[in-house]
Amino acid sequence: MIKTGHLGRREMLALTVVASVADVSLFYPQQLVMRGASAGWMIPVFSMLVAFAVWALVAPVLVREEKQDLITLCEKSLGSFATRAICVVIALYMIADLSTFTRTFTEAVVTTVLPRSPISFIAVPFFLVCMYYAKKGIEGISRVSLVLWSWLAIGMLALLILNWNWMRPEQAMPLWGNGIGPLLSGAGLFTSVFLNILVIALFSSRMRKGSDVRAIGYWSIGIIGVTYLLVTLVFLMCFSPEAAMRSPFPLYQLGRLIYIGRFIQRLEAAFVFIWVVMAVIKVSMAVMIATYLFATVFRMPVYRPLVAAVAIIVYDLSFYPRSFVETISYNNKYIVTWGWAVTMGIPLVVTLAVRVRKRREVRGDEELDPQENAS
Amino acid sequence: MSVWQKISRAFAVDDAILDEDFSLMPEELQEGRPEKGKQKQPKTQESEQSSKPKQEPKQDLKQEPEHEHEDDRPSASTLSHAQPRRRSPVKPKKIGHRSTEADDPSAEPSEIAAKSSRPEPESEPEPKPDAPQKVRREKRKQQAKNYEVDPEQHNLSFKPTYPEQVSISLHENRDTIIQLFQIPRNADFVIREFTVSTETPIQAFAVFMEGMSDKTIINDNVLQPLMLLASLPHGHAQARADLIKNSLLPGNQLQILEKWEAVKNNILTGSTAVFVEGMDCALIVETKGWEHRTVSDTKTETVVRGPHDAFTENLRTNTGLVRARLRTEKLITEITQVGELAATDIAIMYVEGIVSQKLVTEVKRRIKAIKVDFLQDSGTLEQFIEDPPFSMIPRMLATERPDRVAVSLTEGYVAVFVGQSPYVLILPTMLWSLLHTAEDAYVRYPFGTLLRLIRFSAFLVALLLPALYIAVTNYHPEMIPTDLMLTIASSREKVPFPVVMEVLLMEVAIELIREAGIRIPNVIGPTIGIVGALILGQAAVQAGVVSPLLVIVVSVTALAAFTMPNYNLSFAVRTLRFVMILLSGVWGFYGITLGMLVLLMDWATMKSFGIPMLTNVSPYKQSSADVILRGRVFKQEIRPGALYPGLMKRQVRITRPWDPATHDSREAVEQYEQENRQQDTEARNTKGKRGGNPT
Numbered sequence: 001m002i003k004t005g006h007l008g009r010r011e012m013l014a015l016t017v018v019a020s021v022a023d024v025s026l027f028y029p030q031q032l033v034m035r036g037a038s039a040g041w042m043i044p045v046f047s048m049l050v051a052f053a054v055w056a057l058v059a060p061v062l063v064r065e066e067k068q069d070l071i072t073l074c075e076k077s078l079g080s081f082a083t084r085a086i087c088v089v090i091a092l093y094m095i096a097d098l099s100t101f102t103r104t105f106t107e108a109v110v111t112t113v114l115p116r117s118p119i120s121f122i123a124v125p126f127f128l129v130c131m132y133y134a135k136k137g138i139e140g141i142s143r144v145s146l147v148l149w150s151w152l153a154i155g156m157l158a159l160l161i162l163n164w165n166w167m168r169p170e171q172a173m174p175l176w177g178n179g180i181g182p183l184l185s186g187a188g189l190f191t192s193v194f195l196n197i198l199v200i201a202l203f204s205s206r207m208r209k210g211s212d213v214r215a216i217g218y219w220s221i222g223i224i225g226v227t228y229l230l231v232t233l234v235f236l237m238c239f240s241p242e243a244a245m246r247s248p249f250p251l252y253q254l255g256r257l258i259y260i261g262r263f264i265q266r267l268e269a270a271f272v273f274i275w276v277v278m279a280v281i282k283v284s285m286a287v288m289i290a291t292y293l294f295a296t297v298f299r300m301p302v303y304r305p306l307v308a309a310v311a312i313i314v315y316d317l318s319f320y321p322r323s324f325v326e327t328i329s330y331n332n333k334y335i336v337t338w339g340w341a342v343t344m345g346i347p348l349v350v351t352l353a354v355r356v357r358k359r360r361e362v363r364g365d366e367e368l369d370p371q372e373n374a375s
Numbered sequence: 001m002s003v004w005q006k007i008s009r010a011f012a013v014d015d016a017i018l019d020e021d022f023s024l025m026p027e028e029l030q031e032g033r034p035e036k037g038k039q040k041q042p043k044t045q046e047s048e049q050s051s052k053p054k055q056e057p058k059q060d061l062k063q064e065p066e067h068e069h070e071d072d073r074p075s076a077s078t079l080s081h082a083q084p085r086r087r088s089p090v091k092p093k094k095i096g097h098r099s100t101e102a103d104d105p106s107a108e109p110s111e112i113a114a115k116s117s118r119p120e121p122e123s124e125p126e127p128k129p130d131a132p133q134k135v136r137r138e139k140r141k142q143q144a145k146n147y148e149v150d151p152e153q154h155n156l157s158f159k160p161t162y163p164e165q166v167s168i169s170l171h172e173n174r175d176t177i178i179q180l181f182q183i184p185r186n187a188d189f190v191i192r193e194f195t196v197s198t199e200t201p202i203q204a205f206a207v208f209m210e211g212m213s214d215k216t217i218i219n220d221n222v223l224q225p226l227m228l229l230a231s232l233p234h235g236h237a238q239a240r241a242d243l244i245k246n247s248l249l250p251g252n253q254l255q256i257l258e259k260w261e262a263v264k265n266n267i268l269t270g271s272t273a274v275f276v277e278g279m280d281c282a283l284i285v286e287t288k289g290w291e292h293r294t295v296s297d298t299k300t301e302t303v304v305r306g307p308h309d310a311f312t313e314n315l316r317t318n319t320g321l322v323r324a325r326l327r328t329e330k331l332i333t334e335i336t337q338v339g340e341l342a343a344t345d346i347a348i349m350y351v352e353g354i355v356s357q358k359l360v361t362e363v364k365r366r367i368k369a370i371k372v373d374f375l376q377d378s379g380t381l382e383q384f385i386e387d388p389p390f391s392m393i394p395r396m397l398a399t400e401r402p403d404r405v406a407v408s409l410t411e412g413y414v415a416v417f418v419g420q421s422p423y424v425l426i427l428p429t430m431l432w433s434l435l436h437t438a439e440d441a442y443v444r445y446p447f448g449t450l451l452r453l454i455r456f457s458a459f460l461v462a463l464l465l466p467a468l469y470i471a472v473t474n475y476h477p478e479m480i481p482t483d484l485m486l487t488i489a490s491s492r493e494k495v496p497f498p499v500v501m502e503v504l505l506m507e508v509a510i511e512l513i514r515e516a517g518i519r520i521p522n523v524i525g526p527t528i529g530i531v532g533a534l535i536l537g538q539a540a541v542q543a544g545v546v547s548p549l550l551v552i553v554v555s556v557t558a559l560a561a562f563t564m565p566n567y568n569l570s571f572a573v574r575t576l577r578f579v580m581i582l583l584s585g586v587w588g589f590y591g592i593t594l595g596m597l598v599l600l601m602d603w604a605t606m607k608s609f610g611i612p613m614l615t616n617v618s619p620y621k622q623s624s625a626d627v628i629l630r631g632r633v634f635k636q637e638i639r640p641g642a643l644y645p646g647l648m649k650r651q652v653r654i655t656r657p658w659d660p661a662t663h664d665s666r667e668a669v670e671q672y673e674q675e676n677r678q679q680d681t682e683a684r685n686t687k688g689k690r691g692g693n694p695t
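Residue numbers (full-length UniProt numbering), protein chains in the order written: chain X, 1 to 375; chain D, 1 to 695.
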């Protein structure tokens, strides 16, 4: 039994991209339009710039400290207690994010694909599959992501292009929507969708080449940002901003809108595939990360026994909001408002701490050297 | 492993280990990853292993029996140590599990089981005064007292009742033969006594198996020279044996054997043993000549363009068919035997210098570990050595085509021939290879690609079409154009069953017809077609049991399943189709998607001899354009990187230097030639980086 444990760069890129763009099939585009109106599509662009800036600070540390990840770096620079605290915070964030995500996902399936079905009838098989994925581990999830991401890209592009006959560019006007203020504040909050930074930081030690980490980060941020941008833009151009604000499932609505000839029409059911794949990959990866971090916190040698427990907790929490609207409200109030602090803030703080520590060490060495020379 | 052990294992694998199976990846790459467990825990499993006092030598010291006849009865642990253990095993570890002897990381689960059931050696030092451990050891000692042979662990070899060495006395040898083969009760063995016609006649006899040996060879090349032409000196036995070997027996393969075990095995394989008075050895003349099917056309992998010969039920003919194509001294055939009651020959074939030695070692290790009384066929061997035994997709490629084996060997695969099996195993394999045929390479690349696309589409159709039909008609009718939807609705108007039931009925009927078609005697074979067509095609529709559209759906599905080039894969697809039907019946597209995701994860993490089944795509590995589509043959410059071949390069980059499209200037020609020369002298791949050096 040999340990091969590493992630290929393509697998890592696919995993981070698919997991981060999963929200695009749910209500995020609607939220973008609500914040930015006709300029909602600009928010991902600004967020992407912020993410690039954060990554520019985080990546060099990860590259330099080859075969180290967020946890080991944190332990080195901030100590054991802080590491545990950070692990717990990330894990709790993941659980909270998953709760709202799974609730909105199951609601979306019930509303659009399987009407009149009990919500648990949808949620139970979904969670079983996610548990199976989480149990298989990061390597399996990343491989499936790599197999499917080209299909997802084709599907998304098809969805966007097949609606060209409904697009009205003037609906994306006025250019600045509600003004630049809401755009910038929205961009700051919206950075929480760039989950890829956190994922790469957590699993950077599993990469065979440390230098790959930097490129994967930049590429994934770019792809995620462009995906949100395109979907929101097409959504806006096909529906007016007013209609888009009332439509919680943009991909479903876009699929429903397709009408090219008599045979290419009403393809929303076919796009169920895209939704479900992205949702399964995101949820399983987040469950896996949460259990992995809990296992690290409690010094457990294994994480798999926790998978079922964490999945059941997420399942229970997902039913805590009374309705879909309340779920979105919770999401906006807690996840969106504070998510950036976890996805961007923690990697940034840890890497800055590593830099400071390094600098101190260098300074300490320099102070020691003259004394040695003098003696 | 009990059910509880399996469940425990499923929940107790170290999370630091992403992949604990055998891998072809070179070890320096595997060890390069630092583990958190190592940093956090001062003593990880590996360090424990290295820091432990050497326990292995205990078993290494256990020498092999000097004589083959000794009842060695190796336990599972000694068997698994037959090959040098280079892999670092990782045991499943429970939370809070106390460290015991059974936690030895070098032990396989089977070894642990064997250890726990094995009596403790008396010389073992006293346990430390540690109460819980003491109790445990007492318990184990008690177990040791009540030790009973576990039929699963116990070696199956039968205790020999014959002497070890061939005797100098002809009479004794004859008695041994009679006792060994139970002559005359066992009518297959023939003892032919004769006198070697010398001045002082010498008694001798020949032993051979009726039906296994060629009588003409025995008469012309054994009996006739010895009875009519011989003139033996009265001298030393060895000199006499040498004379017979060199001058009197004109057989093309002749051995002098002194041990009964070897003599017995040779007689059983069709050779003739000649015993001569005063010689303490037997002369084994190669007279194998049993009846077998001659090389004939392929039965299951038919092609239009390409060779038509197929393997037969003769091992040597099969190896010869491959060797005839691949005429290189680098082609190695190693022969071993499996079977305690009756040995079956296993030939492991590979190309030295191209194949990964790690792969060959692993193949041999797995085959050597098989302890079974009789190994019937390559299909049986496959089940013994495949990685996860419960998955549906085959983990190795069984082929009856020598050309396919030959080309696979040149790519770095290993071929395993089993006794009288007309199917040869190529391993490892990827999912994509199971959808390839030999013909893909023989036709020009656009058509090869087209064939592949058709086959890959057929794979999806065979797996999903009935499920999609159910999902669309039951849950998502809006996807169908209105006219078609009305047609479907009207055709289903009189059908009394729900769609799922209707589909299941038809699928079961198709499976019955398929099974009956295989089992039915050839004489009444056409009946199946008539019955099938009448029942499925006409009567069922007219009776209103199924809708006409469903007949089309099921027929297309069956056709798609028939295009599967691999028989085992076809089984997997047929079985999984029923699962998909049930999922779509309950959840529609949502269920199909979840089912496909589970399948994908299963395939992505499943391995065939250390290679994930979706390799080349995920995980990505360097390879020529021959994975899903069939690229141009003159562009296929490298071998599959996933196999970590010894030499990555397969051909030079410019294989068509005469082509005006390839070069248009003298400078270009010189550059190409220089490139080609560099590639010819390219160093062998030892790093295994991304599957080898790029060419």
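No lab work stands behind these hints, which were simulated from the structure alone. There's no promise every hint is true.
Said to hold, decoys possible - Partner residues aside, some chain X positions facing chain D, computed with beta carbon under 7 Å:
#1 Pro115
#2 Arg116
#3 Pro118
#4 Ile119
#5 Val124
#6 Lys136
#7 Gly140
#8 Arg143
#9 Val144
#10 Leu146
#11 Val276
To be verified - Capping the alpha-carbon separation at 35 Å, the derived lysine-lysine pairs in DSBU-like fashion look like this:
#12 D:Lys299 to D:Lys259
#13 D:Lys215 to X:Lys209
#14 D:Lys288 to D:Lys215
#15 X:Lys209 to D:Lys649
#16 D:Lys364 to D:Lys635
#17 X:Lys67 to D:Lys607
The beta carbon of each residue, even a glycine, is placed where N, CA and C say it ideally should be.
Proposed interface contact between X:Arg143 and chain D, which counts if any beta carbon pair is under 7 Å: It holds, given that the least Cβ distance between X:Arg143 and chain D is near 4 Å, below 7 Å.
Satisfaction of hint between D:Lys635 and D:Lys364, Cα-Cα up to 35 Å: holds, 34 Å
Pair hint outcome, D:Lys215 versus X:Lys209 [Cα-Cα no greater than 35 Å]: violated, 67 Å
Interface hint outcome for X:Pro115 [beta carbon to chain D under 7 Å]: This interface hint is violated because 10 Å lies over the 7 Å limit.
Does the interface hint hold: is X:Gly140 within less than 7 Å of chain D, judged Cβ to Cβ? The hint holds - X:Gly140 has a Cβ within 7 Å of chain D, the shortest such distance being about 4 Å.
Against chain D, run the beta carbon of X:Leu146 and see if the smallest gap drops under 7 Å. holds, 4 Å
Within a Cα-Cα threshold of 35 Å, do D:Lys288 and D:Lys215 meet the stated pairing? Given pair D:Lys288, D:Lys215 holds - Cα atoms ~9 Å apart, limit 35 Å.
Hint consistency between X:Lys67 and D:Lys607 [alpha-carbon to alpha-carbon, up to 35 Å]: holds, 26 Å
Interface hint compliance - X:Lys136 to chain D, C-beta minimum distance less than 7 Å: holds, 5 Å
Restraint outcome when X:Val124 is required to lie within 7 Å of chain D by C-beta distance: violated, 11 Å
Interface hint outcome for X:Val276 [beta carbon to chain D under 7 Å]: holds, 4 Å
Minimum Cβ distance from X:Pro118 to chain D below 7 Å? With a minimum Cβ separation of about 12 Å from chain D (threshold 7 Å), the hint on X:Pro118 is violated.
The structure shown violates the earlier hints numbered 1, 2, 3, 4, 5, 12, 13.
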